[in-house]
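There are 2 protein chains.
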Amino acid sequence: MKLATLKSSTRDGRLVVVSRDLTRCSEVGHIARTLQDALDDWEHAAPRLARVAEGLETGSQPIMRFHEHDAGSPLPRAYQWADGSAYLHHVELMYKARNAELPDGAHTDPRLYQGGSDTFLGPRDPIVVQDETWGIDMEGEVAVIVDDVPMGASVEEAGAAIRLIMLANDVSLRGLMPSELAKGLGFFQSKPSSAFSPVAVTPDELGTAWDGRKLHLPLLVSLNGSPFGKANAGIDMVFDFAQLVAHAARTRPLVAGSIIGSGTVSNRFDGGPGKPIAEGGAGYSCLAELRTIETITTGAAKTPFLKFGDVVRIEMKDETGHSIFGAIEQTVTRYERG
Amino acid sequence: MKLATLKSSTRDGRLVVVSRDLTRCSEVGHIARTLQDALDDWEHAAPRLARVAEGLETGSQPIMRFHEHDAGSPLPRAYQWADGSAYLHHVELMYKARNAELPDGAHTDPRLYQGGSDTFLGPRDPIVVQDETWGIDMEGEVAVIVDDVPMGASVEEAGAAIRLIMLANDVSLRGLMPSELAKGLGFFQSKPSSAFSPVAVTPDELGTAWDGRKLHLPLLVSLNGSPFGKANAGIDMVFDFAQLVAHAARTRPLVAGSIIGSGTVSNRFDGGPGKPIAEGGAGYSCLAELRTIETITTGAAKTPFLKFGDVVRIEMKDETGHSIFGAIEQTVTRYERG
Numbered sequence: 001m002k003l004a005t006l007k008s009s010t011r012d013g014r015l016v017v018v019s020r021d022l023t024r025c026s027e028v029g030h031i032a033r034t035l036q037d038a039l040d041d042w043e044h045a046a047p048r049l050a051r052v053a054e055g056l057e058t059g060s061q062p063i064m065r066f067h068e069h070d071a072g073s074p075l076p077r078a079y080q081w082a083d084g085s086a087y088l089h090h091v092e093l094m095y096k097a098r099n100a101e102l103p104d105g106a107h108t109d110p111r112l113y114q115g116g117s118d119t120f121l122g123p124r125d126p127i128v129v130q131d132e133t134w135g136i137d138m139e140g141e142v143a144v145i146v147d148d149v150p151m152g153a154s155v156e157e158a159g160a161a162i163r164l165i166m167l168a169n170d171v172s173l174r175g176l177m178p179s180e181l182a183k184g185l186g187f188f189q190s191k192p193s194s195a196f197s198p199v200a201v202t203p204d205e206l207g208t209a210w211d212g213r214k215l216h217l218p219l220l221v222s223l224n225g226s227p228f229g230k231a232n233a234g235i236d237m238v239f240d241f242a243q244l245v246a247h248a249a250r251t252r253p254l255v256a257g258s259i260i261g262s263g264t265v266s267n268r269f270d271g272g273p274g275k276p277i278a279e280g281g282a283g284y285s286c287l288a289e290l291r292t293i294e295t296i297t298t299g300a301a302k303t304p305f306l307k308f309g310d311v312v313r314i315e316m317k318d319e320t321g322h323s324i325f326g327a328i329e330q331t332v333t334r335y336e337r338g
Numbered sequence: 001m002k003l004a005t006l007k008s009s010t011r012d013g014r015l016v017v018v019s020r021d022l023t024r025c026s027e028v029g030h031i032a033r034t035l036q037d038a039l040d041d042w043e044h045a046a047p048r049l050a051r052v053a054e055g056l057e058t059g060s061q062p063i064m065r066f067h068e069h070d071a072g073s074p075l076p077r078a079y080q081w082a083d084g085s086a087y088l089h090h091v092e093l094m095y096k097a098r099n100a101e102l103p104d105g106a107h108t109d110p111r112l113y114q115g116g117s118d119t120f121l122g123p124r125d126p127i128v129v130q131d132e133t134w135g136i137d138m139e140g141e142v143a144v145i146v147d148d149v150p151m152g153a154s155v156e157e158a159g160a161a162i163r164l165i166m167l168a169n170d171v172s173l174r175g176l177m178p179s180e181l182a183k184g185l186g187f188f189q190s191k192p193s194s195a196f197s198p199v200a201v202t203p204d205e206l207g208t209a210w211d212g213r214k215l216h217l218p219l220l221v222s223l224n225g226s227p228f229g230k231a232n233a234g235i236d237m238v239f240d241f242a243q244l245v246a247h248a249a250r251t252r253p254l255v256a257g258s259i260i261g262s263g264t265v266s267n268r269f270d271g272g273p274g275k276p277i278a279e280g281g282a283g284y285s286c287l288a289e290l291r292t293i294e295t296i297t298t299g300a301a302k303t304p305f306l307k308f309g310d311v312v313r314i315e316m317k318d319e320t321g322h323s324i325f326g327a328i329e330q331t332v333t334r335y336e337r338g
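In order, the protein sequences belong to chains A and B. Mapping the first sequence onto full-length UniProt numbering, position 81 (from 1) lands on 81, and the numbers just tick up by one. Mapping the second sequence onto full-length UniProt numbering, position 13 (from 1) lands on 13, and the numbers just tick up by one.
No lab work stands behind these hints, which were simulated from the structure alone. Just to be clear, a hint being listed does not mean it is correct.
Unchecked claim - Selected chain B positions facing chain A (Cβ under 8 Å, derived; list incomplete):
no., residue
1, R98
2, A100
3, L102
4, S154
5, E156
6, L185
7, G186
8, I296
9, G299
10, T303
11, P304
Built from N, CA and C at the ideal position, the CB exists for glycine as well.
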């Protein structure tokens, strides 16, 4: 089934079940008011929501039109958002750009940072930033929402706790990172609010594209209408979602509704760095990767970061060309105090 | 007023208003089921809760006994937990122990890390850890809960958004930090679930001890019944809560119910490192600080980290010796899968 959260006068919006083709939806307030409510009691809510999803396809269910523009983040605010960096190739490039090697253990110990989860952006909300010179960047990602995960869960248990899959734009302010990372405490100001796709889907909606741990489809990233990336999320993902979730739960439990991200999706090209789509490559899911390749090959980055007015679109299509999650489409906008 | 969350069969517990002396409480489900519900609509909920608090003191309100043991974390799960490191003196020692200097800007740019907020420990819950050799440590802190804070809020606006104050134990696994910090992404596994005091209080409950930005009272930390720290939270706090909140909101808004911590409370002694209580000092709020001083002065740390069975207690008393927030009292316990 496919689930979305319609924006409403409440902070957590209204849960709806969405038709497979994303054109219709049905209110399910009698089952769960919000997606978090459904996740809090997934065992009971999921079968009931699935029956509504069935009714939506067969026409036996009251429906209304679904517009992606009306959707907020599936979880407008969440209790946990931890974002991996599973495409190590991407990380390796970042190290290489500063003449460093990947640290020992990089291939066995997943990278994951603690994100902020209190104020997610809706999938069509602008990316509001105060200062254009802060190095505004998108990061196109896949993310999963898990059920309760006990502390010390095995990789198998962690994988079995995955309930929903969606796309993410992990908005980053690259220019604020060096001074922030120099403090040794990770990101804070350099990772403002993230955005997620209009729709989160259960694994069965993905058919064979979801192998239980990875999603084997291209992540379509475009910039001002031009294709920028189509890297396959199932390729070059060194740590799968089950491993990322288990890593996050090593020293603490995770609550139902916790979101775990893949990190920027990135594919190698012939064993080396990715190439632009125009040159026959799979392109990129963030600007920083391309800028890093430019720095390594020509000595300087020439692609600029995002500017006010730029439009980022992140989407994924099934084998018949239909959008699975709806599109994240966001315009970078100067922040003005209301 | 004083607010607590009684553990219940629900994930977020039941909000109660607690009497000033922490002996009685009153259910307020007709006003707000949970503390997050109250914070989501503080403007309306707070005056009504305050009337219950008044009734509790005058006896005009139905009451029941309040037992700190029945309380969960005021917010058993929250949308945001960002923890500062405002007692720079403490940070300076950590740098000194590895022969480094505080970075430029350390006195003007607050340090704050993004914590995980999905699974807080109740104030009397054990600190469950899988492995005793992970360098288990407490960090005694003061924390505030804010209302909605707009992106880019001024320090004044940030200070005005502080709604509640409580104590925190920011449990840390020191042994997991070096390899985690080497990845450059901050803490994750090394900062397992934190605990908060049984009661959160509005600023007016603190009288002159709260100046709007700092809490001027000693934080009493004991270890296995022996006093270990009594550092005054109002002394040597280089960044006050208003500054920490504004820092957290620089590039994004904060949602109502966000928790901002002070970092380990720490006092200098005669301009130098703190001294143990037995030597006339104010002691320490975490073991790492004492171990660092030992390393600097004798070449090696001799105080061990916490062991299974150790009991940490964190409390704060008013000028008449009464506990303000109730006590965090936690036993370190080996984690066994249920």
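### Message
Interface hint check: G186 (chain B), Cβ to nearest Cβ on chain A, cutoff 8 Å. Holds or violated?
### Response
2 Å, holds
### Task
Classify the hint on T303 (chain B) as holds or violated, based on whether any CB of chain A lies nearer than 8 Å to its CB.
22 Å, violated
### Message
Less than 8 Å between beta-carbons is the criterion; does P304 (chain B) satisfy it with respect to chain A?
### Response
Hint violated; P304 (chain B) Cβ to chain A Cβ min 19 Å, cut 8 Å.
### Query
Can the hint on A100 (chain B) be confirmed by a CB-to-CB distance to chain A that is less than 8 Å?
10 Å, violated
### Cut-off 8 Å, beta-carbon criterion: hint that R98 (chain B) touches chain A
11 Å, violated
### Message
A closest beta-carbon separation below 8 Å is what the hint needs, so does I296 (chain B) meet it against chain A?
### Response
With a minimum Cβ separation of about 19 Å from chain A (threshold 8 Å), the hint on I296 (chain B) is violated.
### Message
Does L185 (chain B) hold up as a contact with chain A if the rule is Cβ-Cβ below 8 Å?
### Response
Holds - the Cβ of L185 (chain B) comes within 8 Å of chain A, reaching about 4 Å at its closest.
### Message
Next item in the hint list is E156 (chain B). Is there a CB on chain A closer than 8 Å to its CB?
### Response
14 Å, violated
### Message
Hint L102 (chain B) vs chain A: min CB-CB distance below 8 Å?
### Response
With a minimum Cβ separation of about 10 Å from chain A (threshold 8 Å), the hint on L102 (chain B) is violated.
#### Entry: Satisfaction of the G299 (chain B) interface hint, Cβ to chain A closer than 8 Å
Where the cut-off is 8 Å and the nearest Cβ of chain A is about 24 Å from G299 (chain B), the hint is violated.
### Task
Against chain A, run the beta carbon of S154 (chain B) and see if the smallest gap drops under 8 Å.
10 Å, violated
When the structure is compared with the earlier hints, violations turn up for hints 1, 2, 3, 4, 5, 8, 9, 10 and 11 and for no others.
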